[in-house]
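Enquirer: Sequence:
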Amino acid sequence: MLLKRKYLFGTTILASVMAAMAAPAFAQTTTPPAQDQDATEVEEVVVTGSRIRRDPTTSATPLIQVTGEELQNTGLATVIDYLATIPALANSQVPSDTVGSVLNATGLSLPNLRSLGANRTLTLVDGRRHVGSSFGGLSVDVDTIPRLLIQNVEIITGGASSVYGADAVSGVLNFQLRKDFEGLEIDATAREVNQGGPYGGRISALAGANFFDDRLNVYVFGEYEKNDEITSLDIDWVRRANTLLGVDADPTATPYDGFIDAQLFQNVVRLDNPRWGQVTLANNQQPSPLNDPDVAQPSTTCPDVTQVTNVSCYSVDPTKTYWFDGGSARLANFGTRVGNTGANRGFNIGGDGENPAEFTFGSRVPDSESKRFQVGANFELTDNIHGLLEAKYISEDSFQRSQPTFFDVFLLDGTDSGGTTSGRLRTQTNRLRGTSQFDLRYSDNAFLPANVKAAIAANQIQNYNNPTTAAPGTPGAVTAGPTAQFARHEMFGPDRYQENHRELQRYVAGLTGEYDRVGFVNNLTWDISYTFGQADNLNNEFTVESQRFALAADAVVDTAGIVNGKPGEIVCRVQLLNAQNPALATGSASTTGLYDYVRGGDLRSSATGRGNIAQCRPLNIFGKGNQSAEALAYVKDKTFVVQQNQQEDAIATVSGQLWDFWGAGPLGVAIGAEYRKETAEATGRSAGVGDRFVFGNGSTDFPKRSYETEEYFGEISLPLLRDSWMGEYAELSGSYRTSDYSTVGKQDVYGVNLVYRPISDITFRSSLNTSIRVPSLGENFSLASQTFVSFVGDPCATSVINAPGLAADIRQNRINNCGALAAAKGLTFDFAGATPQTTDDFAPVYSSTVAGVNSGNPFLQPEESESFTFSTALQPHFFPNFSLVLDYYEIEITNVINAVGALAVAGNCVNGPTLNTAACATIFRNDPTPGRAFYVGAPAGDPIGGFIQGSVNYAKRTVRGLDFTVNYGIETADLIGHDWGMLRYRLAGSWLIEQKNFTDIANPGVFTESASTVFFPRVRMSSTLSWNPTDRLQIQWVADWQSSQDIIFARDFIANSDSRPTEYLETGNFVRNDFSVQYDLQDNLTLRAGVTNAFDAEQAPWIGTTLDSNFDPYGRRFNIGINWRPY
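Count along the sequence shown from 1, add 92, and you get the number used in my numbering.
For the record, the hints were derived by calculation from the structure and aren't laboratory data.
With a straight-line Cα cutoff of 30 Å, these simulated DSS-like cross-link-like pairs (lysine-lysine) come out: (1) 769 x 463; (2) 730 x 318; (3) 728 x 545; (4) 838 x 1088; (5) 730 x 463; (6) 658 x 545; (7) 838 x 769; (8) 318 x 463; (9) 545 x 716; (10) 796 x 769; (11) 838 x 796; (12) 658 x 716; (13) 796 x 463; (14) 658 x 728; (15) 1048 x 1088; (16) 716 x 728; (17) 1048 x 769; (18) 769 x 271; (19) 730 x 796; (20) 1048 x 838; (21) 463 x 271; (22) 318 x 271; (23) 730 x 716; (24) 318 x 728.
Source: prediction; values computed, not measured.
Let the hints inform the model, and build the full structure from the sequences given.
Expert: Right, here's the structure in full:
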């Protein structure tokens, strides 16, 4: 870090020294204001970052302060939404980050300092720990802290483990609550949470009273808050369906051909995977011409029914794809087809299809309802001893819709393993291939329109030759292919959604003593407290039971009325077979009878199977709106998980002042001890699922696990000088903590701080702190649980290996290593893209996510970090009401614990000079589907799936940057000669110099740079201009600005400079403007109103419909509020 610190002197020091040199010259000629000369007494308090009472101006740690009034007056929906506007907290987890595939965490609001992860930010309440809301972890949902009770929030932007313990790697948020409140205060707000609705609101009440000559203060708090769900189609720019699509495909060996490869389209619809589906007959696509612009569509091969699950057989085609209107079907209207690269070109404008954003997420912000209560008492036992009691209860309910269920239904009348249309499927249950794939007999299905049945029966595949270099503009010649009596019905089905019910309770009891002098110790204070917290979460996931879905879809006409005595009734085939009472199925899956593809044997052999037969209701899966309520009720299912975190924390501290050795001030000392126990347990989904075949996420029980820690800490502050020829003030301080964990043993951390004020106008601060983060219970002990990951971008795909921007050495390594993996399976692909044709490329098409497991790692080691800060604070007396603060920081974390995603692990497997055996051992290329032998995947029923995903200790993570804050205030009378009140201005921002992740265990020197990429702007600033024309009125303008972020680095673009228009390389600068007004109608009644994102700023359209929460996505919205203090 030494070299990096030298960089500091080109930024902070330069500005600081210049200011320091200028200030004395003015000091010699300028007389300080009278009030400054008189203000020699400064109250010493405990400031976040230290347990020693001190003058706040001598704090050695950079602090950001947010007042409770700011949190109340904001028009943003949650506390975390407001905190996330602070540049240092910009990537905090806001509610919109908890939707989609996120499980069990809907609505959690977690602060994330320096974008290093919420689990590396320690959140305290009045300096005490708070139970974590994220299961098995310590991250605190700050929206469980009652907003009206918050006095202020003090934020340390640097490591502080030696003072507060583990997890303060990137910093600390300390929520300081109001004390000794007397009276009644009611605060209410109503707001739009999205332009034009939906809406949200909150009402809070705080009442307090003093008793026994003000020796006892009791308060009661209650709050109710409701925020409506925001769906994808509630957001206007998402409805416009901005989509960047390929229009020219460059051969991998020649990435630049002078034709722009991608263009932006609006109002796009997608017809290849709509709600309740479309049917595409098996087909081959004609190869594209070789001249530009080209489709780069290879000749597909789909010879017969043995390829029924090969997705290459089902490219949507104007002559092969059927769209459903009510109960009928017709060839799909492809409108103006756009995005004409690849075989499966499903995008169009003006034709059939649906907004592609509709099925990425259902909810963009969850629906939430919260009830928060807190009671407390502060009391004087004696003149020197004070007591504290506090109890809090929070109840929160949230709801979100995730991506709907999705199915590939293969329509064929052949046997399970291929071959002829023998008709044997008439007398057996339809084959389940997985939770989202099954076969369905088409010829006698009661709901499939007759014209589609006839088309499948007559379907013939066309084979094509590839175009020749002699005639590059001529498509390949057509040759007749085989009859292919099969098709695929690709569809999104019923919604999946989650309901979370959380309850949190926290209890605090403490005693504090204060004495002017005890023996040789002055200003002695002691504090002892005990905190118990418990967070409970019940998550219900509503989905479908896949076996029931397949059985219900297999609907036939009961001509003779065998099932219910109603001739001509549509029934489930499984009920008809059961009524006909065939012989019990035994042996292979293709045996005649009611075979159970989930549990094996006869479907009637299990209680679940018998129930699935008896309750079956025929389901029409062909076309939106054709489903009966009874059939939907039959297929729907629910899984649940029950989770609990518990925290016990007992802490005792003693602090005081000792001797003043040389007149600079007394020596400050604090010592203490802490005991903490963290416990977690959960009942997993698997316990409630039993032997049902549920579409969704499985998880095993989490047995009760806990760890304990005993910690001892100390802190000392040594004033070096005061009012000396060497300067006005200087102080050296240090802190040390030793901890003994039951899981990872003994850990030691320390901190050293220096404050130097050469003159009253300028102060320098510097700190060096070490911190640790101990593996959470979830990271250590989670049992294997099912999850799903997209493998689009498979690192062995030929197109990915040869994509612009991939380093040459990694490209060559992937060619070699992927080749070795393929050779081990007896396969050969052109990974290098060396041949002009693409038929020999490895070109995987993952039509859905891949199932695998998440698992804990009991061998994780603690993270260790070192943070360095250097700060300059300038308050020139010759420039009244002005201040400038510059905070340089750098943090390096080693042994970083991170759940490296399965796709990243697949990359680590092949990125190095040789195969990374540890990474490769967790990625399984075992997909049994014909034509997919090298795909990541596993056979149906495999307990692991295609990958194992878990936490590991990898090399390190580094970040460095510069925070800056400018404050200025001036009376308008001094500015323009007229008294129109007071103007105040504040500019707070951060310059991110670098943020690097070293995640490749096999190549620890290889890193990815996050700085300047999306979510990590180089510069982010918040500008606040306040005008108080009278004592009762305040008007405020806040502009939240962030610099443009790289979508593709320019250095990567050079290698393929026609990949997109140059303006699409970056997001463009983004600014959100908020305006608010606050008026004191009476001394006890305040009204407020505001508009957020007043100019309706939107993210750049070429980003697409992905919701990047740092670009305010919700448009112009209004809010109003009232604060009433009747007594």
